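Protein chains in written order, with the working numbering: chain A, 1 to 332; chain B, 1001 to 1331.
Treat the hints as calculated values from the structure; they're not laboratory data.
From a predicted model like this one, the values you see are computed outputs, not experimental measurements.
Positions of the beta carbon are idealized from the N, C-alpha and C atoms, including for glycine.
There could be a bad hint or two in this list.
Away from chain A, derived, C-beta distances all over 10 Å, residues of chain B [claimed, not checked]:
| id | residue |
| --- | --- |
| 1 | L1101 |
| 2 | F1109 |
| 3 | G1142 |
| 4 | L1269 |
| 5 | S1314 |
Reference listing, derived: stretches of chain B covered by chain A, where coverage requires no fewer than 3 residues with Cβ under 8 Å from a Cβ of chain A [claimed, not checked]:
| id | segment |
| --- | --- |
| 6 | 1022-1030 |
| 7 | 1117-1127 |
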Amino acid sequence: MESPVTVPPIPAPSPPPSPVRKDAEEGSATWRLSDRVGLAICWGLGLLFCAIAAAIVLYLLVQGIKYLRLEMLFTPATAGFTQAQSGGFSDAFLGTLIVAVMGISLALPAGVGVAVWLVEYGRPAALARVTESTIEAIAGIPSIVLALFGTVIFSSTALGFLSRTSEGVVFGRSFFAASAMLSLVALPLVVASTREGLNAIPQHVREASYAVGKTKIATTRRILLPTARPQVATGAMLGLGRIIGDTAIIVVLLGATQNFAPVEGASFPFDYLRGAGTTLTNFVYEASPTGNLNQPEKAYAAAFVLLLMVLALNGAVDIVHRRARKVGTWSH
Amino acid sequence: MEAGYLPEYGPRVSDQRAERMLGALVCAVVVLLLALIATVFVRAWPSFAHNGLAWFGAGGNVDEQINLIYLSGLGSEPDVYTFHAWQLLWSTFLITGGAVLLALFSSLFVSVFLVEFAPQWMSDVLQPVVRFLASVPSVIYGLLGVLVIVPFIGNHLVTEPQKASVAGVISLSGYSLLAAVLILTVMIAPLMTSIFSDGLRSVRPGWLEGSLALGVNRWRTTWKIAVRTARPAIVAGTVLAVARAIGEAVMLAMVSGSVAFAPNPADGLIFVFEPSRPLAPTIVKNIDLLGSKPANSTLFAIAAVLLLSAATFSLAGWAARRSMSKYGATA
C-alpha cells in the first residue's frame, strides 16, 4: 500500500530562482471578505489614478493635434473676431521660456547656497533651525500671497528700474518682478533636493578631503557639489516645473498683457524684461471660457504645449535618476 | 589673537569669507520671509481694524462690498471698509474640506497599494502616474474643468426642475462645488500619495515580519502596523495638501463659479451643484482693484487669512507629529 504521504519527486534542474520571491507572498484568497473588499478598493483607486492621467494626456493630445499649428508658436497674438484671425501665442511661449530661465537662475544658486550652509556649516544652531522653518514656510505660502507681496516690493520707487515708471509712479509689473517671486516658489524644492544629496554623502568623503588640506569651501565646491549633481539637477527641474506651471504670480506680476509690452528708451534685453508680458499659463487662463479672450481652441493648443514641457521635465528627472543609480553611490 | 600665525590671504581666509557669504544669504532669505509676513499684516490691518470680528461674519454680498470699497478709494469721500467674508470663508471651508477628505481616503488606499500590494508592473506604472498628476499645472486642470467637467455637470447631472427651483437666486450651470472639489482632489491626492508612500516605505521591516509571523494576514498587518507607524507622514502629507488646497487660486477661480454665494446644505442635494468662490480666487479676480487703498487693504486681509490658516495647519501638524513620534515613529 502506498503511503498517503507522497514523496515529492526529485525536482528536475529547475530554472534559476527569480529574484522576486513570488510564492512567499500569501494570496488574498484566505482573507476575510472585508479585507478583500479593501484590496479591491486599492485596485480600483490605483486604476482610477492611471485612468485620470491617461485621460488628461490623451484628451489634450487629441485637442492639441486638432488645434495646434506650428505657426502659432511663431506668430504673436493679434486682435480678431474669430479664433482663426487672432494669431498665435509666440509671445506667451517665449515668455514662459524667459520666466523659466530667469526664475531658475535666481533660485538655483540661492537654493544651493542655503542647502550648503544648512548641511556643511549650520552654525549657530538656532539660525539653522530658523532657516529650516523658513524654507518650510516658504513652501507653504500660497503663490497668490507671494504675488501680492511682490506688488508691494516692486512698486517701491527704489526698484523702479526693474519695471515701467511713469510720472514717478512705479508700475511694478515686469519679467523681473515675476521671475523674482517665481524663484521663491522654486527655492524650497531646490533646497530640499540639494540637502538630500549632500546628506547622502558619507562623512569619510569629507574627512578624506580635509586630510589632504582642502578647506571646507573647496571640499564643497570640488567634491560635494559635483557628487550631489543629480540631486541638484532634480531639484532644479522640479523647481522649473513649478515655475512654468504657476499662474497666480504671472497674472498679478507680469501684467497679463496679450503680447510683450517693452519699455521705450531702454536698451535691448532690458526693454522687454522691464516690460509687462505673458506666458503660456496666463494665455491658457485668459483664453479659457472664463477668461477675457474666450478662445478655447487656442487654450487647448497652448495647454498642450505646456503639458509637453511638463512631460519633458518629468522625463528628464527620470533620466537623471536612472543615470545616478547606474553610476552608484559612495557607500558600497 | 593668532593673527601673527594665520595668513591674511589664502585658503583659510577664503573659507571664512565663504561661510560669511552663505550666512548672509541665509539671513536674507529669513528676513525676506519676515518682511513678507510683516507687509501682509500691516497692509491688512485697516480692513481688520474697521470690521473687527465682523470681518469673519455673514452679512450682505461680498462682491458688492468689494465694489463699494474700491469706489470709495477712488473718490474724495472717506474710505469704506465694510467687508463680511463669510461667503468666501464658507466656500473655502467646503471645497478644501471636501477635497482633503476625498484625497485622504483615496491617497491612503493608493499608497498602501503602491507600497504593499501592487504587482511590480502596476507600481512601475502607478509611480510615474502619481508624479505626473502632481506636476500638471493648475491652469490645465482648470481648463479641463471648464471645458469638460463643468459642462458635463451642467448638462447631465443637474436637472431642469432643479435649475428652475433656484432660478431667481443663482444659476446652476455646472460651475459648482462638486466640480471644484473633484478637480482639487485630483490635484492634491498625488501630493499626499507620494508623502504617504515614503512614510510607509520607511517602516522597519522587522515590525511587519513580526506581525506576519504571528499569523496576521498582509492586509491587516499593513493597516495595523505600517499605516499606524507611518502616521506622522500621513499628518505631514495632509497638512501639505491642506496648505496647497487653501492657496489654490487659479483653478478654483475657473471652475468654482466665481460668485459671492454661500452654498446652503439645507437646500438638499442641489447644494453640491451651487456655485461659490473661495478666498484665494477672490484675490485673483479682483487684482485690478489693487490701486484703490481700501480695496488693497481688503485683498491683503484675505491674504493674511490665507497665511494664518496655512500657518495654523502646519503648527497643528507639527504638534501632532511630535506627540506621535514619542512612540518611535518617524516622519
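Taking the hints in turn, this is what the structure says about them:
no.	hint	result
1	L1101	holds (14 Å)
2	F1109	violated (5 Å)
3	G1142	violated (7 Å)
4	L1269	holds (24 Å)
5	S1314	violated (6 Å)
6	1022-1030	holds (count 7)
7	1117-1127	holds (count 6)
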